[in-house]
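Chemist: The chain contents come next:
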Amino acid sequence: MHELSIAMGIVEAAMDEARQRNVQVSAVHLRLGALSGVVKDALLFSYEVACQDTPLEGSRLLIEEIPVMVFCPQCKEKRVLESVQLFSCPECASPTGEVLQGKELEVYALEVEE
Amino acid sequence: MSEPRLIEVRRNVLKQNDVIARALRDQFHAAGVFVVSLVSSPGSGKTTFLEKTLTQLQPRYRVAALVGDLATENDAVRLARSKAPVKQITTGTLCHLEAAMVQNALQDWDLHQLDFLFIENVGNLVCPSSYDLGENLRLVLMSVTEGEDKPQKYPTIFNSADVAVITKNELSGAVEFDWDAARKSIESVRPGMRIFRLSAKTGEGMSEYLDFLSRQLAEQRAVVHS
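Chains as they are written, first to last, in the working numbering: chain E, 1 to 114; chain C, 115 to 340.
Hints are computed from structural coordinates only; laboratory data are not their basis. Honestly, I wouldn't trust all of these hints.
[To be verified] Some, not all, of what chain C presents toward chain E, calculated at C-beta under 10 angstroms:
(1) Arg119
(2) Ile121
(3) Glu122
(4) Val123
(5) Arg124
(6) Arg125
(7) Gln130
(8) Ser196
(9) Gln202
(10) Glu212
(11) Pro265
(12) Pro269
(13) Ile271
(14) Asn273
(15) Ser299
These numbers come from a predicted model, not from an experiment. C-beta atoms are modelled at their ideal positions from N, C-alpha and C, and glycine is treated no differently.
With the hints as constraints, model all of the structure from the sequences given.
Modeler: If you want it as structure tokens, here you go:
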């Protein structure tokens, strides 16, 4: 369970951005890839803990889950995988490991109040 | 109070780790050392496998190892029997290694004196997948006693690794290990992944894997010198 240290990283990044802009953060928007190795529920729980006694206490973490997108060498197209247990093209079933998206762990935006 | 507004910031949460990992990779490259990290669940035979790897590479290469563990230095003591330089990174309650820990541990080592550096991660198939350590090659180990569908249960770590090593092959008969099922499971989460099946205990399959490492080192050095 490394979600607490990830959550602390999120809080730190958000605080840093907020300080630079002199704003109060009410919500953090996070892009979370299916291959990031981070579990959403554990992260939501850890986020509350990580926010305690910081300017972000009481803020919300809004997680956008990003599915894995691969390039299918057969179709020559980008394809979204239905599951991380099966790395093959959902259209033609060709195996493919060329990951284009799905490893994101990114603080994408902040909801702020002046 | 005014209405909340949305500002775009786009910050990679693991940026700090990635920056250090990149610096490590550059440092390894410049020193001509090939760095291999090992990830697996606890009890997959990582330490025995690494001990045999160090011992068998030693006549031809200069090798060393960093060993991550939550507590105890038992693994480092076991590995020291190989006579290779070994350093323990005790992570305390942390379930994985981070690039900064590797950087700290390497501070007093001269990487130019090494051909291979092995980094044994904490036994865990979940958390280590998120952290780049600057390694050239990531091996994921799974023993024949663990069940053939392990890759599909932990797809992220198998997907983040370059090579799979099936260990404890001497027990495959006793546990009725289904090799085809295991290979299919690996293929489904990481198509085309290189797989070695071996026994560190009997030595079966070790030479094929060690030859592979030798070729990897030679290829890396060819790139450096070209």
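Chemist: Now tell me if each hint is right for this structure.
Modeler: Going through the hints against the structure:
1. Taking 10 angstroms as the C-beta contact cut-off toward chain E, the hint placing Arg119(C) at the interface holds, the least distance being around 6 angstroms.
2. Using the Cβ-Cβ criterion of 10 angstroms, the hint placing Ile121(C) at the interface with chain E is satisfied: the shortest such distance is roughly 5 angstroms.
3. The restraint placing Glu122(C) at the interface with chain E holds, with a minimum CB-CB distance near 5 angstroms, inside the 10 angstroms limit.
4. The closest approach between the C-beta of Val123(C) and any C-beta of chain E is roughly 5 angstroms, which is under the 10 angstroms cut-off, so the hint is satisfied.
5. A least Cβ separation of about 6 angstroms between Arg124(C) and chain E falls short of the 10 angstroms threshold, and the interface hint therefore holds.
6. For the restraint placing Arg125(C) at the interface with chain E, the shortest Cβ-Cβ distance is roughly 4 angstroms, inside the 10 angstroms limit, so the hint holds.
7. For the restraint placing Gln130(C) at the interface with chain E, the shortest Cβ-Cβ distance is roughly 8 angstroms, inside the 10 angstroms limit, so the hint holds.
8. At about 30 angstroms, the closest approach between the beta carbon of Ser196(C) and any beta carbon in chain E exceeds 10 angstroms, and the interface hint on this residue is violated.
9. Residue-level restraint check for Gln202(C) is violated (minimum Cβ-Cβ distance to chain E is 20 angstroms; threshold 10 angstroms).
10. For Glu212(C), the interface hint holds, since its Cβ comes within 10 angstroms of a Cβ in chain E; the closest pair sits about 8 angstroms apart.
11. At a threshold of 10 angstroms, the smallest CB-CB gap from Pro265(C) to chain E is about 9 angstroms, leaving the interface hint in force.
12. Hint status for Pro269(C): holds, given a least beta-carbon distance of 4 angstroms to chain E, under 10 angstroms.
13. Using the Cβ-Cβ criterion of 10 angstroms, the hint placing Ile271(C) at the interface with chain E is satisfied: the shortest such distance is roughly 7 angstroms.
14. The criterion of a C-beta within 10 angstroms of any C-beta in chain E is met by Asn273(C), whose closest approach is roughly 6 angstroms, and the hint holds.
15. Residue-level restraint check for Ser299(C) holds (minimum Cβ-Cβ distance to chain E is 9 angstroms; threshold 10 angstroms).
Comparing the model with each numbered hint stated earlier shows that hints 8 and 9 do not hold.
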